[in-house]
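2 protein chains.
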Amino acid sequence: MYPDSLKNLIESFQNFPGIGEKTAERMAFSVLGFDEEKFAMLEENLQAVKDNIHPCEICNTLTDKDKCSICESTQRDKETICVVEDSKIVFLFERLGTYKGLYHVINGLISPLDDVNPEDIGLDKLLDRIKNKKIKEVILAFKPSVEGEITALYIKKILEGLDVIVSRLASGVPIGADMEYIDTLTLERALEDRKEIV
Amino acid sequence: MYPDSLKNLIESFQNFPGIGEKTAERMAFSVLGFDEEKFAMLEENLQAVKDNIHPCEICNTLTDKDKCSICESTQRDKETICVVEDSKIVFLFERLGTYKGLYHVINGLISPLDDVNPEDIGLDKLLDRIKNKKIKEVILAFKPSVEGEITALYIKKILEGLDVIVSRLASGVPIGADMEYIDTLTLERALEDRKEIV
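Taken in order, these protein sequences are the chains called D and H.
Residue 199 is where the first sequence ends in the working numbering, and the numbering goes up by one at each step.
Residue 199 is where the second sequence ends in the working numbering, and the numbering goes up by one at each step.
Calculated from the structure, these hints are not laboratory results.
Where hints are given, some of them may not hold.
One copy or any two copies: either way a pair holds, since identical chains are not told apart in the list.
[To be verified] Within a straight-line C-alpha distance of at most 16 Å, the following computed EDC-like cross-link-like pairs (lysine to aspartate or glutamate) qualify:
#1 132 with 80
#2 8 with 65
#3 51 with 37
#4 135 with 181
#5 51 with 38
#6 23 with 12
#7 68 with 5
#8 51 with 5
#9 101 with 129
#10 68 with 58
#11 66 with 22
#12 132 with 161
#13 23 with 197
#14 51 with 36
#15 39 with 12
#16 8 with 45
#17 134 with 58
#18 39 with 194
#19 39 with 52
#20 101 with 138
#21 89 with 78
#22 126 with 193
#23 158 with 125
#24 135 with 150
#25 132 with 193
Every value quoted in this text rests on a predicted model; they were computed, and no experiment measured them.
With the rest of the complex left out, here is chain D (with noise of 0.2 Å):
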């Protein structure tokens, strides 16, 4: 129905997460209407993106530089590391704005039933930055999954016998959350977390 050129744009867009098929095509028509300036701009933009977006040297967080603006700050906690398993986990931290310590990023979490194992998503670089910077907490913020807990129990295994503390994400009820539609397993870890009313 569509021309040929029309048709793999919309298949491209919707290869895009959380993209259907309408949405593809409209934007698909929208490049249409773009003028000359403003598709230069747009394809300026993805290259760009694919030439100088890389891992922070230090904590693999995406950035343009060698090291990413957070590692460079010297307005942070440096003795503070939060490990997530994806750069995109650090800019939502970093929205909130409340957490002033610095982050690493692994590569994903072990998962035994897809083959990641712990050799796959280099923990030795953030052992290594643990032993060398004088790192006192490192807070696991990954997500409250089977994998996310071997992951944290493995990381917590390998930093045994250094002075540093290992803390996770409280788990619990969601802020806003109707009781009634919270899952057993979170309803159970709430249970088992609570906290005294001081």
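Following the hints, put chain H in place on chain D, whose structure we already have.
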């Protein structure tokens, strides 16, 4: 918060219709995950749309040939033209698969408030075509709005004296709609255009 190139790409994606901040972020991150081939394909498809897609020389429907596949087809009823305000509407009708006539895409609707006048929307080409190609029926498929009405009445007027039927899409209650939520204009039109049950 984001590195500059990533921020720029997110902004580029947000320029597309229907793409909010969250989706634009997910899209930009997914570009980072593209391998060389997938990235080249996206750039190629963008460029191809920019380079190859243009209006059909007969009916203005977007195409990558001189004439669109509908104008070139020998299976269509060459005596009926459906006039639409945008190529998108052609593809919408084609999806139905029930309309067998030809199309003509005009350059938007007459809108005195936006300073879009009859001479701005390419009616000469339409008029020439109707005169020279022995067209028997012209279906005006504009959206039911003030601009749609003005444009339809104007076209009806310039076709006066020609041996051609000018029709418009039926307006009325949409299938599946709840009667109590129908706006008064639609209801008025539905009543006016009521059809005898035979």
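Checked hints:
no. : hint         : verdict
1   : 132 with 80  : within (11 Å within a copy, 81 Å between copies)
2   : 8 with 65    : between (33 Å within a copy, 11 Å between copies)
3   : 51 with 37   : between (21 Å within a copy, 9 Å between copies)
4   : 135 with 181 : neither (45 Å within a copy, 69 Å between copies)
5   : 51 with 38   : between (20 Å within a copy, 12 Å between copies)
6   : 23 with 12   : within (11 Å within a copy, 21 Å between copies)
7   : 68 with 5    : between (43 Å within a copy, 14 Å between copies)
8   : 51 with 5    : between (26 Å within a copy, 12 Å between copies)
9   : 101 with 129 : neither (21 Å within a copy, 70 Å between copies)
10  : 68 with 58   : within (6 Å within a copy, 54 Å between copies)
11  : 66 with 22   : neither (36 Å within a copy, 24 Å between copies)
12  : 132 with 161 : within (12 Å within a copy, 88 Å between copies)
13  : 23 with 197  : neither (51 Å within a copy, 37 Å between copies)
14  : 51 with 36   : between (23 Å within a copy, 10 Å between copies)
15  : 39 with 12   : between (21 Å within a copy, 12 Å between copies)
16  : 8 with 45    : between (23 Å within a copy, 13 Å between copies)
17  : 134 with 58  : within (15 Å within a copy, 69 Å between copies)
18  : 39 with 194  : neither (52 Å within a copy, 45 Å between copies)
19  : 39 with 52   : between (20 Å within a copy, 15 Å between copies)
20  : 101 with 138 : within (12 Å within a copy, 71 Å between copies)
21  : 89 with 78   : neither (21 Å within a copy, 55 Å between copies)
22  : 126 with 193 : neither (33 Å within a copy, 76 Å between copies)
23  : 158 with 125 : within (13 Å within a copy, 79 Å between copies)
24  : 135 with 150 : neither (25 Å within a copy, 74 Å between copies)
25  : 132 with 193 : neither (32 Å within a copy, 82 Å between copies)
Comparing the model with each earlier hint shows violations of hints 4, 9, 11, 13, 18, 21, 22, 24, 25; every other hint is respected.
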